[in-house]
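Mind docking chain B on chain A? Use the hints.
For the record, the sequence lines run as chains A and B. For the first sequence, the residue numbers in the numbering used here are 93 to 428. For the second sequence, the residue numbers in the numbering used here are 93 to 428.
Any given hint might turn out to be false.
Said to hold, decoys possible - Partial list, derived from the structure: chain A residues whose beta carbon lies under 8 Å from chain B:
hint	residue
1	Ala-94
2	Val-95
3	Glu-145
4	Pro-195
5	Gly-201
6	Asp-285
What the hints contain is simulated information worked out from the structure, not anything from laboratory work. Glycine included, each C-beta is placed from N, C-alpha and C at the ideal position.
There are 2 protein chains.
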Amino acid sequence: MAVRIGKYTIEMKNSPTLKSFAATCGKKESEGPLGDKFDKVFLDTTLGEDSWEKAESRLQTETVNITLKKANMNASDVNYIFAGDLLNQCMSSAFGLRSLDIPFLGQFGACSTMAQSLFLAATSIESGIANYSIAVTSSHYCSSERQFRFPLQYGGQRTPTAQWTVTGSGAILVSQKEPGPKIKYCTIGRITDLGIKDANNMGAAMAPSAAKTLLSFFDDTKTKPSEYDLILTGDLGEVGSDLLKKLLEKENIYLGENYNDCGLMMYHKEEQDVHAGGSGCGCSASILCSYILSKIKNHELKNILFVATGALMSPTSAQQGESIPGVAHLINIIAE
Amino acid sequence: MAVRIGKYTIEMKNSPTLKSFAATCGKKESEGPLGDKFDKVFLDTTLGEDSWEKAESRLQTETVNITLKKANMNASDVNYIFAGDLLNQCMSSAFGLRSLDIPFLGQFGACSTMAQSLFLAATSIESGIANYSIAVTSSHYCSSERQFRFPLQYGGQRTPTAQWTVTGSGAILVSQKEPGPKIKYCTIGRITDLGIKDANNMGAAMAPSAAKTLLSFFDDTKTKPSEYDLILTGDLGEVGSDLLKKLLEKENIYLGENYNDCGLMMYHKEEQDVHAGGSGCGCSASILCSYILSKIKNHELKNILFVATGALMSPTSAQQGESIPGVAHLINIIAE
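In isolation and in its complexed conformation, chain A is listed as follows:
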């Protein structure tokens, strides 16, 4: 049984284990600084499918299959799959996973969905309802652009604060106590909306929610940033991560060298022309499920905070003049 620590944080007592994990990505991501860390790269970003949405579905199918293969398990061994993406009605999750025949629970937290899905997968282990659960998310540059902004063919100009949606997917198989990285603390975020209305400045819209979740976590656990090897937000990008640092400084919390953001890690800033950085629920998922979890597995990292952030907007809300609500969920992952 988990226990509540302070007002917003819980501590998992049965040590849900990240038994196996995998990440896949597209061509542009493979040319970034982490390009050689992913399990599989799709140089043809259609993945052989006839629409971008179907390509994104395939990303999820492939990523889950690699995750299962690494654990030497079959889909029928898995009790629940917690899956989400950015598309309307979580289309890439439903279509990408329908053939697996795993009990399916669709999640929506925009770019925070990987932390949300991982939290629920871990809770399923902690509560005894599952022996094995999978958390998986994806995003695809082309399906996202079409849905949230403009068709690619339109060739719209991007603003300096805009982020580049990552084509990628990450999946984690969570199991009961056994060797491997473990989940200890989790802080689920509250919706925070400071009135940002610019859909091309997601970083600014999400930074306040990341600050709120981190403040709750440090307050609840009586810990401070320097106690963690890595504090990793995703995906605030350049604008949002600067804002986050400033918001925390006002509360006398200082993020130091151990702070990074998935949106800043995915691409080469100068050469790859991605403006404020990467985004999308495949961004933090694919970085967590490759580079980061490998380092924890090898004990190069021992105690990290993964803080995935999401902008809970839709094109309809933007068209109706609404501001952009943000949310951020924190997962503390420790080496065995």
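Quick look at chain B alone, frame taken from chain A:
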């Protein structure tokens, strides 16, 4: 700690209790057979807002507030809110609940979302991560028509198999063991797709998933339909519920007088011109959270199966010629 029973079913051992519940609806629903059962009726279906989407958001706000008031509790007492709707990016949930400051976990299971959210809220209690969690969903006829079919102004003709999206919302506050209806067994569904492509025949698309979930449940628990006071699907409507009965008969499972469907219960068939019945994730939610749970609370019903069904399609998938994947989740609710 919950325990697994058979391959797909779990039994909650800490008896998560449905401490408080509420339902709201629009004018048309208030004129149906259950019109006097809802906590609040909005005769102006704009709810005073300037868009249908904002009206639907307000439905969720109001329903959650009534639920909290009935329990004599504040939003700050609630550890998690599991919320979903049919709109792109779960817009009515995010915007309807952003002011409550409750840790937020967005859910998407189309019209099955109430069962999914209730399952996760119960799991949060069972695992010890929460003392109080809320499950809430909504749908709105006008926002759904605009998004999934045609703008209302177009006046499109509806086919005989089409269902009428319910304007309504239902919310449940789940707590640890105390007096009130309790959750015992849950069976989370697998995605089932038999190739139905007609977006105006959701009942046919969802019936196979309801059959699969019910078969798994009866098999896992070694029980039969006659052991339950009520088996309530939502929202198969006329076409889907007939198909469900036929699919189960092939497996020698017979649904009798104790079977009903939320889509058939919401409207007067002849006078209200809703063709195959009601639908939307507000349909099963508002009926469960009014008429049904009141009967369980009063011990008029003692042991029911609530089987919410969802069609995991999106307008984009339909335009791309895809079939409609269905999913159904079962929650067994017992009187104290």
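Against the structure, the hints:
A distance limit of 8 Å between C-beta atoms decides the matter here; for A/Ala-94 the minimum to chain B is near 5 Å, and the interface restraint holds. Nearest Cβ of chain B to the Cβ of A/Val-95: about 6 Å, under the 8 Å cut. The hint holds. Given the 8 Å rule on beta carbons, the hint for A/Glu-145 holds: about 6 Å separates it from the nearest Cβ of chain B. The interface hint given for A/Pro-195 holds, since its Cβ lies 4 Å from the closest Cβ of chain B, which is under the 8 Å cut-off.
About 5 Å separates the beta-carbon of A/Gly-201 from the nearest beta-carbon of chain B, less than 8 Å, and the hint is met. Look at A/Asp-285: its Cβ gets to within about 5 Å of chain B, closer than 8 Å, so that hint holds up.
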